[in-house]
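*Asks:* For reference, the chains in residue letters:
2 protein chains.
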Amino acid sequence: MLLCDIGNTTYHFFLEDKGYKEDVNLFDPSIVKEKVFYICVNPHVKKVLKELENWIDLSLHVDMKKYYETMGVDRIMACEAIESGIIVDAGSAITVDVVKEGRFEGGFIYPGARAMSECYKNISSALTYSFNFEVDLDRMPKNSRDAISYGYLKLLQSEVKSYNMDIFLTGGDAINFKKIFPASLVDEMLIFRGMTNIMKRANLC
Amino acid sequence: MLLCDIGNTTYHFFLEDKGYKEDVNLFDPSIVKEKVFYICVNPHVKKVLKELENWIDLSLHVDMKKYYETMGVDRIMACEAIESGIIVDAGSAITVDVVKEGRFEGGFIYPGARAMSECYKNISSALTYSFNFEVDLDRMPKNSRDAISYGYLKLLQSEVKSYNMDIFLTGGDAINFKKIFPASLVDEMLIFRGMTNIMKRANLC
Chain U
607 MLLCDIGNTT YHFFLEDKGY KEDVNLFDPS IVKEKVFYIC VNPHVKKVLK ELENWIDLSL
667 HVDMKKYYET MGVDRIMACE AIESGIIVDA GSAITVDVVK EGRFEGGFIY PGARAMSECY
727 KNISSALTYS FNFEVDLDRM PKNSRDAISY GYLKLLQSEV KSYNMDIFLT GGDAINFKKI
787 FPASLVDEML IFRGMTNIMK RANLC
Chain A
607 MLLCDIGNTT YHFFLEDKGY KEDVNLFDPS IVKEKVFYIC VNPHVKKVLK ELENWIDLSL
667 HVDMKKYYET MGVDRIMACE AIESGIIVDA GSAITVDVVK EGRFEGGFIY PGARAMSECY
727 KNISSALTYS FNFEVDLDRM PKNSRDAISY GYLKLLQSEV KSYNMDIFLT GGDAINFKKI
787 FPASLVDEML IFRGMTNIMK RANLC
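Residue numbers (our numbering), protein chains in the order written: chain U, 607 to 811; chain A, 607 to 811.
What the hints contain is simulated information worked out from the structure, not anything from laboratory work. Be a bit skeptical, because a hint or two may be false.
The list treats identical chains as interchangeable, and a pair is accepted whether it falls inside one copy or across any two copies.
[Stated by the list, open to error] Distance condition first, Cα-Cα at most 30 Å in a straight line; then the derived DSS-like pairs of lysine-lysine: (1) K748 <-> K785; (2) K706 <-> K806; (3) K672 <-> K767; (4) K727 <-> K671; (5) K767 <-> K785; (6) K653 <-> K727; (7) K784 <-> K748; (8) K784 <-> K767; (9) K706 <-> K767.
The following block holds chain U by itself, in its conformation from the complex (with noise of 0.2 Å):
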């Protein structure tokens, strides 16, 4: 069973226990022969899957009055794989979602690191540093590299914390942010999960 989550850059594939990427703009889609289960938020690939019959789109199965009309398809599908958590979704942004079970409960979006990296960098010349990761966020900081690292990571690390559930952590980010959420399981296949568990409630498995 071959399951494929594509973002804006790649897309993901899932088969058996192995995950592999391909590149957006260099694969074409046409030459896999078999079954695809797959969610899109490439408004480009959505529309070339459409006329092939064997990519099959699981946003199509999800009970959309549990989320909201323009929620993420990824994020949807990370929150149908648990039954109760904080999910934080490390990638080009953060997205943080809550699922008490199995309700999704509401979620922000936060910039991920590159992206808030350059947001500092473009304020002025003198905040482009890269993130320090290990930056001690019980002390209020006394350098320009530790100031914006706390300003980033700090408020990010005590919302999560608040609100004392299981912290699922995925995303390509998912190695760095584990060092501000020492507790939290690193799931790389969260949303492939999820994806699975709505191919069963649909019966497409």
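Following the hints, complete the assembly by docking chain A onto the known chain U.
*Replies:* Frame of chain U, contents of chain A only:
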């Protein structure tokens, strides 16, 4: 007694109890003939003012042992204005600094509203929203505009409130941020108060 706080884009003058602004690119400081006590973060203007005898750089009178080397002089002056409290200076960046019994305890830097809004937009056109400063920060959001507004505002609000100190709000965006810090004291003249304190201590007035 004429005071001036020079940023990247404006000369902000303060005379007796009135403030007025001049554009950095249009204003010629040599036309001022009286004494001006100033601070300046603009490297180009700094050079020009060094040549003018009646412009007196107050940063030279600060006890820098209390602060750190790359800390903006505007942040230092705001700290010099208060005895105890947490200062939120909401401009192109938001600087947050803690002062306890006249001692600087540290601070952090967060993006200003315009820069952060650009940051979300640069991640994805789907995140192009103006912030909703009226968003209910006690509930996890269930729509996109509130999801980014909460991400930006709630995290800052929680961190600032966690110190349980008097909040002093200043900077060009103070009015907007008053909505998330209703108990704060808005003081647009905070930096000038700090400058006056430095002058008193250095017997310059």
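*Asks:* It remains to establish, for every hint, whether it holds in the given structure.
*Replies:* Tested hints:
no. : hint          : verdict
1   : K748 <-> K785 : both (21 Å within a copy, 28 Å between copies)
2   : K706 <-> K806 : within (21 Å within a copy, 58 Å between copies)
3   : K672 <-> K767 : within (24 Å within a copy, 32 Å between copies)
4   : K727 <-> K671 : between (40 Å within a copy, 27 Å between copies)
5   : K767 <-> K785 : both (14 Å within a copy, 25 Å between copies)
6   : K653 <-> K727 : between (36 Å within a copy, 23 Å between copies)
7   : K784 <-> K748 : both (24 Å within a copy, 26 Å between copies)
8   : K784 <-> K767 : both (13 Å within a copy, 26 Å between copies)
9   : K706 <-> K767 : both (15 Å within a copy, 27 Å between copies)
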